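> This is what each chain is made of:
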Amino acid sequence: MKSSTPPHKSSILPPNKENWITKNPFEEFKTFTASTPGLPMDQIVQSTEAVMDRIRWGYEKLLEEEAKELVWMVQYNTIIKAYEVAEKYVKEINYTAEDIEDFCFALENTQRIPYLIPGPAGIYLSALCNYANEEEMVLKLSELKTEINLVGFRLPKGKRLIIEGDTGDFTGIGLEGGELVIDGNAKNWTGAGMRGGKILIKKNIGLHAGEWMMGGEIYVGGRVRGLGNIVEGKVYEREKLLYPGKVRYPNVYY
Amino acid sequence: MDEQNLQSIIEEIWPKLKKKHLYPEIPMPRVREIPEQEKGESEEDEDVGLEMKQKQLTINGAFVSQMKDKMPEKRVIEALLDHGITHYTFCPWDFHTHLRLYAAAKKVVGDKELAKQVSNHFIDVIADTHCVRKRFTEIPELHRNLKKGAIEEVIAFLYQKIWGMDLGIPPSKMGMKGRIDIVRRLARIPYLDRSRWGESIQKFARTLKPLLIEEQKEQGAQGGKGERNPQGEHDLNHYSSEEIDQGLRDYARQTMTLSEFKDVVEDFSDELSGAGYGMEGGMGRGQGNPVDADVLFYMKLAENYSIPIKKFPLEENGSLHPYSHCPWEIGAPFQDVDMWTSFGKIMPGITQIWTKREGKGRGKIEGTPDCLIVIDSSGSMINPRKSLSYAVLGAACATNAYLHNNSKVGVYNFSDAPMGGKEILNYTDRREEIYRALCKYFGGGTALDLEDLMPLIQGKKKLDLFIITDMKITNLEALIGFFGQIQNRVTAVHIGDNPYAARFEKAVERRKNISIYTVNRTEDIPHIVLGRIRDYFNPTHTKKS
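If you read the protein sequences in the order shown, they are chains A and B.
Sequential numbering from 1 applies to the first sequence in this note's numbering.
Sequential numbering from 1 applies to the second sequence in this note's numbering.
In short, the hints are calculated from the structure, not lab data.
Model, not experiment: these values are computed from the prediction.
By construction, the Cβ of each residue, glycine as well, lies at the ideal position given by its N, Cα and C atoms.
Heads up, some of the hints might be wrong.
Quick look at which bits of chain B chain A covers, simulated, 3 or more residues with Cβ under 8 Å [as the list claims (entries may be wrong)]:
1) 49-56
2) 121-135
3) 159-171
Sample of chain A residues facing chain B (criterion: CB under 10 Å; computed from the structure) [what the hints assert, rightly or not]:
4) L39
5) P40
6) M41
7) D42
8) I44
9) V45
10) T48
11) E101
12) D102
13) E136
14) V138
15) E147
16) G215
Distance condition first, Cα-Cα at most 16 Å in a straight line; then the derived EDC-like pairs of lysine to aspartate or glutamate [as the list claims (entries may be wrong)]:
17) B:K112 x B:D267
18) B:K107 x B:D267
19) B:K107 x A:E143
20) B:K311 x B:E260
21) A:K145 x B:E199
22) B:K107 x A:E108
23) B:K134 x A:D42
24) B:K422 x B:D449
25) A:K187 x A:E164
26) B:K356 x B:D338
27) A:K198 x A:E136
28) B:K116 x B:D267
29) B:K19 x A:E27
30) B:K112 x B:E260
31) A:K61 x A:E87
Bound-form chain A, shown alone (with noise of 0.2 Å):
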């Protein structure tokens, strides 16, 4: 009962009780704790970061199955086991081609993906590519310190995939009638086994050029190393038609 309050303890209390009503010291902050509206920004960096976690996420997959294998040997079988592995993962993403572009950089990011297996990565890179919505991609990789392999592997009819920057061993291979166009140079292995469609590289390309081609062509706009052998198909090197023709190594002084 309020009223049975032993009287002496009343008698401590301060004429203005007021007084004694403890203030929260920091009252003054309240108002801007809670202010902190929501931004655009917030929804596309999470969506972003969602969608990066799953390719992510897909590549350790992938990593997990191959790394079965010790050595990773671009045989055919390899490729191809890998690269079904990969597209089933890849299938079930929503992305677009800047969430590719960032999982590139983020292949050289250890912090981020502990590993970056050069096999593995461009086949995955390539499943992206082939599965992603939009028919013309373009990926900025000029800035990228690795050089990755097997791009635009299997590339379908229909897509047109840019990259600006270099590549890698085995750019092209597969090609499956997709336009690839490389605004830099290529290594050894371009187009090799390609079926059709056609693969632009602005500078140099390397060695065994074409081989099993089976039909398509390249346009190299600098030199060609040396060329593979090519079964069907069209080489031209600076609009100069190399193969079919007699040249076997146009530039292997270099």
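Add chain B to chain A, keeping to what the hints say.
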């Protein structure tokens, strides 16, 4: 509106702004006074609204007047101050962050000017976005009314996208040259995630690079300078000399790579010279020589380590007593700290130490002798001006330890000394001179000339010797013989195990005044050597011989 009226506006809104930004320690902003003769002379005066020097924000009255048709003065001032305060309270926060962001941008764009532009834009985007997100601010309104160049338009369009506000940039304006593409990429960057600023600025730089190059070309063709940032330029003027010192120290420790540090410091050399670096006294104050980035690197890196020195009795005429206070700095000994006036805190700027003075009377007191540092810079040692030399770093740490104890340091830097490959520096407390002597590299054969050493040692009653070498010395026997004669405390550090080091160790093992430290892995020198030196100097861990 005249300056007095603007000042009264500032005085009126400043308490509200301080409260809004949770009471930052920033002095009351001022209005820039324009001398009568300059008024109306240059249009450039109206371009920049805010100046930030150290922590003083200064509003440009001409800029505010020029904006008044579009926006009331009060709101312009509030927006400018919101922006300026956020630089101190969120991004870049300190000089170290500024340097890190600049270095990351430079890695992508490769050019000093472009890297500065990228880091400035990035810092502005973060500051403004943080402000819009966390505070009620007039910044969007200011952006709506600012005069914009090509890059500013792209950034304003980015703001439209990430803030969800109309800043008056129609999408049709962005259609040209793939600018929509650029904005789409820029919008994906997590600007407010401080832990990812390093990678974020690289992405920002990659995306903006073509546009910056295009603008640079256009400006080059017009023969003019670029437009100035209306929200204030970001240069070293933002920071006090103590903040610059701290920033360089942190950056040296974080990179541990001479080339990276040198690259960044050389890019800021003009500003650093303006801030007083390049002169004696801790790369001291005042206009002077160009900044020696190598020396600065070792100086700042060594400041991250401190070695306590065991003092020993020195003959003096009187005893010391506390006389006056002086500020404590990182690396200075703790034993003289006055806890009462330091409020119980060990923190530069707050902590104070007693300066002692010799009183009348007689007796022996403890002190620290001077030190002679003998450093090997022969071909088998790392060139300290090419990559991080742990020998120089170790010697630099020892230098700091002695200088902090008010002792002097002499340097004998040798390679093939009898043939002239040597540098001798007499005992001094001028830190930069000592560092310059330590950083000198000869890269030839390795021979000591004892005749050079004798005059440096003779006449000094108490003297410590610190020798750092790989021991591959041609006249090692002579050195062993010399060490056998002297009674001074000697700290010998040798790099790597080799027969010469073993021979030296064997020969002096009975000498109690000589302590030898081996470093098997070069990269461990700053840790292992310093740790072991600490063991040596600390009486509880004295090596038993």
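> Please go over all the hints and tell whether each is borne out by the structure.
Hints versus structure:
no.: 1; hint: 49-56; verdict: violated (count 0)
no.: 2; hint: 121-135; verdict: holds (count 5)
no.: 3; hint: 159-171; verdict: holds (count 4)
no.: 4; hint: L39; verdict: holds, 6 Å
no.: 5; hint: P40; verdict: holds, 4 Å
no.: 6; hint: M41; verdict: holds, 4 Å
no.: 7; hint: D42; verdict: holds, 8 Å
no.: 8; hint: I44; verdict: holds, 5 Å
no.: 9; hint: V45; verdict: holds, 5 Å
no.: 10; hint: T48; verdict: holds, 5 Å
no.: 11; hint: E101; verdict: holds, 8 Å
no.: 12; hint: D102; verdict: holds, 7 Å
no.: 13; hint: E136; verdict: violated, 12 Å
no.: 14; hint: V138; verdict: holds, 8 Å
no.: 15; hint: E147; verdict: violated, 17 Å
no.: 16; hint: G215; verdict: violated, 33 Å
no.: 17; hint: B:K112 x B:D267; verdict: holds, 6 Å
no.: 18; hint: B:K107 x B:D267; verdict: holds, 13 Å
no.: 19; hint: B:K107 x A:E143; verdict: holds, 9 Å
no.: 20; hint: B:K311 x B:E260; verdict: violated, 38 Å
no.: 21; hint: A:K145 x B:E199; verdict: holds, 14 Å
no.: 22; hint: B:K107 x A:E108; verdict: holds, 14 Å
no.: 23; hint: B:K134 x A:D42; verdict: holds, 13 Å
no.: 24; hint: B:K422 x B:D449; verdict: holds, 9 Å
no.: 25; hint: A:K187 x A:E164; verdict: holds, 15 Å
no.: 26; hint: B:K356 x B:D338; verdict: holds, 12 Å
no.: 27; hint: A:K198 x A:E136; verdict: holds, 14 Å
no.: 28; hint: B:K116 x B:D267; verdict: holds, 9 Å
no.: 29; hint: B:K19 x A:E27; verdict: holds, 12 Å
no.: 30; hint: B:K112 x B:E260; verdict: holds, 13 Å
no.: 31; hint: A:K61 x A:E87; verdict: holds, 12 Å
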